[in-house]
Amino acid sequence: MATIELKKISHSYQMERCGELPENSRLDAQFVIRDLDLTWEKGSANALLGPSGCGKTTILNMISGLLKPTAGHILYDGRDVTDEPPEKRHIAQVFQFPVVYDTISVYRNLAFPLKNAGVPKADIKRKVQQVAEILDLTHVLEKSAGRISQAEKQKVSLGRGIIREDTVAILFDEPLTVIDPKEKYVLRRKIREVQKELAITTIYVTHDQHEALTFADQVTVMANGRVVQTGTPAELHSEPASPFIGYFIGSPGMNLLDCTLEDGGLSCGDFMMPLSPKLRKAISAHGPAFKLGLRPEFVQVSLEAKPGFTPWTVSLMENVGVHLILTLSSNGIKIKSRIPTQERVSAGGRVWVGFPEAHVKIFKDETRVY
Amino acid sequence: MKNRAWLFLTPALILVSLSAFIPIMTVINYSLHLIYPGSIPEFFGLGNYTYILQDEIFLESLKRTFLFTLQVLLVEIPLGLLVALGMPQKGKLLTVILVMLGVPLLIPFPVVGMLWHVFTRSDLGVVPKFFNLLGYDYRPVEHALDAWLTILAVDMWHWIPLVALLSFAGLQTIPEPYYQAARIDGASKWATFRYVTLPKLRYVLIIAVLLRAMDSFSIYSEVMMITGGGPGNTTNFLSLYTSSQAVGGTDLGIGAALSMVYLFVVVLMCYVLYQIMTHAGQGGNKA
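Taken in sequence, the protein lines are chains A and B.
The first sequence: position 157 = 140 (this note's numbering), numbered continuously.
The second sequence: position 103 = 93 (this note's numbering), numbered continuously.
By construction, these hints were calculated from the structure, which means they are not laboratory data.
Be a bit skeptical, because a hint or two may be false.
[Said to hold, decoys possible] Some chain B residues near chain A, calculated using beta-carbon distances under 8 Å:
hint, residue
1, Ala2
2, Pro68
3, Gln170
4, Gly176
5, Trp180
6, Phe183
7, Val186
This one's a predicted model, so the numbers in the text were calculated from it and none came from an experiment.
Idealized CB from N, CA, C, for every residue including glycine.
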């Protein structure tokens, strides 16, 4: 396994590899990835999270060598591998759709990379047994790989990756997309287990925040070919670096309101949120226009008027079992709130809403200032 | 509901019975009678069949047709696949190639025969001239081997494009990750072909093999135009013999019986081929 580094990576599907990028702003639109620097530590479990089309798969393909970046370098433990073909890089990659050699048995599938590398038969047998054990595939070893379930196929393609002893890292490209909901949970846990057991550098690409946050120790969130924030799942949740992260992470996403700094506090449309001197001091240098962010679980809802609370109308009420998701509106502004199911609110009714300052985040353009 | 379904099916059933069922029944009926034009048919039981099965020319032509089909499959399927593998994936050149491959398929069979008849004629053909330059005396009308190879070459010219087009279409449907995974697994070119390309093309190739088997087993026009079955009986295929017995012969019953045997053999052959090919790809159970 290894530490994987991306250094000043840029990629355009229309351009050949070149040492230096031409300074031509007209070409900018072609770039799916621009000047990206990323590091994944040896043995860590990482996720690459972002909406479809943000360049996640492009990055994976560059790490495994299926794609050569237009500019920049890829390093394994400090060694530049940018020009090495995939078969020399010893990377395991699991694709969105399970890839197995479906006319041969699971056993021969697992043995395939070893056979290609010329490993002696006895060693192959031992390794295949071992990997089958880890992945719970022992009972299907003799079956044709075309006749096992999707989840098992995905395990086989993972197995082909980890069976080689020199595997540097495992890359997952949305591996659960076509898996039955029932098996999804089991497979996800298995992947996590294998990662822990082998302590192998893993990069898990997904657009599903739940998958990313449950799998990884370190999550990198991307948008439009750029890294927006890297952090632990808890950090992303409580300390979002931008309104995008706030909205993208969490379910439902963070409430974001446009507001302006005035003498009495932050004015968001028709209500005013009073500010403590500390908060005012922190943001006043950044000019009058801000975005106020507050996660739905911190929006306080009360049936009676309280000091500092403002009146809102409940325009939608969704019951998701353990709690209620309320959509509250006031003069065209909508926010969401997550409250316990026992609360006796009703759709169309009036509630009083408070914004606790301890949980409020303030953004200026794309960055957080408080 | 069930009755209404039959109502909707009726037109199709009438068409099928008129075009297939009734003619086949008529042929079966004929094959069981002695039928000389101008006289009343006389029931003959399986007599026609026993006669055919002892007919040397029939047995020879049956063997010959099998041999020809076998050669066609052995040559055209791999070559067609090879052409498809060598074709560019996109671009202008691909368009040109696709059109060129399509041309032979557009030409009606008798025209193909006529074309090659002219090409191979010893007085004005380009093929004999070419072989003469190489110092080979090419005479399809007199030499059995020349005649046979000519027919085979014409069939290849005519039908390799079909196999190539089918394979090309099949290749386009193989998802890229299969090749990417094979690269990551360090598979050689051959291993990639053997474990990715070939299995994924299995169903396309089954279609190609069945089409080529059926068509080459009933090759007629080209042979008729180029060699007429000669020299001697050396290119007298089952189709030629059957039609000569049915159209030119004196006893319609024999022609009918020949047709029935012909049909039976084609169906049987296709069934066997299909069984072999669908099971060939699943040898995975032995590790």
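Structure-based check of all given hints:
The criterion of a C-beta within 8 Å of any C-beta in chain A is not met by Ala2 of chain B, whose closest approach is roughly 36 Å, and the hint is violated. With 8 Å as the threshold, the beta carbon of Pro68 of chain B stays out of range of chain A, its nearest partner Cβ sitting at about 19 Å, so the hint is violated. At its closest, the beta carbon of Gln170 of chain B sits 5 Å from a beta carbon of chain A; the interface hint therefore holds under the 8 Å criterion. About 4 Å separates the beta-carbon of Gly176 of chain B from the nearest beta-carbon of chain A, less than 8 Å, and the hint is met.
Taking 8 Å as the C-beta cut-off, the interface hint given for Trp180 of chain B is violated, the closest approach to chain A being about 11 Å. Annotation: Phe183 of chain B was flagged as interfacial toward chain A, and the flag is violated, the nearest CB pair being 12 Å apart, outside 8 Å. Hint on Val186 of chain B holds. Least Cβ distance to chain A is approximately 7 Å, under the 8 Å limit.
Checked against the numbered hints above, the structure violates hints 1, 2, 5, 6; every other hint is satisfied.
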